[in-house]
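There are 2 protein chains.
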Amino acid sequence: MPKRETPRPTDTELQILRVLWRRGPSTVREVHEALAATHPTVYTTVLKLMQIMAEKGLVSRNEEQRAHVYEARLAREETQAQLLGDLLDRAFEGSATSLVMQVLSSKRASAEELEQIRAVLDELEGGE
Amino acid sequence: MPKRETPRPTDTELQILRVLWRRGPSTVREVHEALAATHPTVYTTVLKLMQIMAEKGLVSRNEEQRAHVYEARLAREETQAQLLGDLLDRAFEGSATSLVMQVLSSKRASAEELEQIRAVLDELEGGE
DNA sequence: GCGGAACTACGAACGTTTTCGTTGACAATA
DNA sequence: TATTGTCAACGAAAACGTTCGTAGTTCCGC
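These protein sequences, in sequence, are chains A and B.
Its first residue numbered 1, the first sequence is counted upward by one per residue in the numbering used here.
Its first residue numbered 1, the second sequence is counted upward by one per residue in the numbering used here.
Hint data in this document are derived by calculation from the structure and do not stem from the laboratory.
A few of these clues could be false.
To be verified - Not the full set, but computed from the structure, chain A residues with beta-carbon under 8 Å of chain B: (1) D11; (2) E13; (3) V42; (4) Y43; (5) L47; (6) V69; (7) L74; (8) A75; (9) Q80; (10) L99; (11) M101; (12) S106; (13) A109; (14) E113; (15) L114.
Beta carbons are placed, not taken as given, at the ideal position from N, Cα and C, and that holds for glycine.
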C-alpha cells in the first residue's frame, strides 16, 4: 500500500500554485510573468522551483511542446483543505470551532460574508 | 512609526509556544520535558530554539533566576489570528467565507459545534 | 574547598528552500 | 549557414531552520 501523499507546499510553491489555479495549465514563462508583480525573481528561479514541484508531485508536466506545460495536481480546494487541516492540528488543537471563531472575530469578515456563512450553516444543519 | 511585527513562528517554534500557553511561564527544562513525548530532542536543542525565539521576539525572558523563565509574548489567540490571517491571504485570496466553508465541510463539525458557531455569528451581527 | 548537577552560551554541521549563472539544445530567421 | 532568441537542465551558493556537542558558569551538598 503506497503512502502517496503530496507534501505540504512551501510559501513560494503556493504562490506558483495560485497562478496555476487561476490560469490553468501554464508554461514557466507564463507563470514567471504572472509572478513578476508580487514576487519578482529571475526566470530560472521559477523554472527550478517548478521542476522541484514536479519531482515532489505538486504539479504534473506535459513535455509535448518545447515549452513544457505545468498543471497543479491537486485542485485548489484540496490543497486548501490540506493546509487548513494542518493549521488546525498545529495551532488550534484540532478545534474547528475556535478556528472559525477566530476567523470571524478578526474583522476580516464583512457583513455579506457573515450572511454567506450563515447560509452554509443552515445547509449543514437542516439539509441533512 | 516602528514596524515592530512578530515574525510568524515556524512549526517547531509553534510546538514550544503551545507548551508555554498551556503551562504559562516556564523554564527550558520544563518545556523540554513537556515536549519529550511528542517531539523528543536533546535539552540544548530546545534551549537554542528558545534563545532564538527570544531574539525574534516570540517569547520574553526573565533572567532573575538562574534558570531563565520564558513566556510567550503573544497570547494564544493573537498568534492564532496571525497564522489564520496569513493562511487566508496566502491560500484563500482573502476570502474568509471559503475558508470557513472548507473547515466546516472537511472537518465535519458536530451539532454542538455548529451551534456554538451560530452563536458567534449572532453575537457579531446582532450584538453590535 | 571539591565534585557533580543544572544551567547558559556558542559554534558547527546538516537538510531544505530559494536564488541565480552557465551551458547546451532547439527553432526561427535572415 | 550563421545569428539570435527561447527553453530545459544543472550545479553552486546563499539563506534559513534544526540539531547537537562542547565549553564555561553557578549552585549545592559533602
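These are the hints, each one checked on the structure:
1. D11: 7 Å, holds
2. E13: Since chain B brings no Cβ nearer than about 11 Å to E13(A), farther than 8 Å, the hint is violated.
3. V42: Constraint on V42(A) not satisfied, violated at 22 Å.
4. Y43: 23 Å, violated
5. L47: Since the shortest Cβ distance to chain B is 22 Å, the answer is violated.
6. V69: 23 Å, violated
7. L74: 12 Å, violated
8. A75: Hint violated; A75(A) Cβ to chain B Cβ min 12 Å, cut 8 Å.
9. Q80: Since chain B brings a Cβ to about 5 Å from Q80(A), closer than 8 Å, the hint holds.
10. L99: 6 Å, holds
11. M101: 5 Å, holds
12. S106: At about 5 Å, which falls below the 8 Å cut-off, the nearest Cβ of chain B leaves the hint on S106(A) intact, so it holds.
13. A109: 4 Å, holds
14. E113: 5 Å, holds
15. L114: Holds - the Cβ of L114(A) comes within 8 Å of chain B, reaching about 6 Å at its closest.
Violated hints for the displayed structure, listed by number in ascending order: 2, 3, 4, 5, 6, 7, 8.
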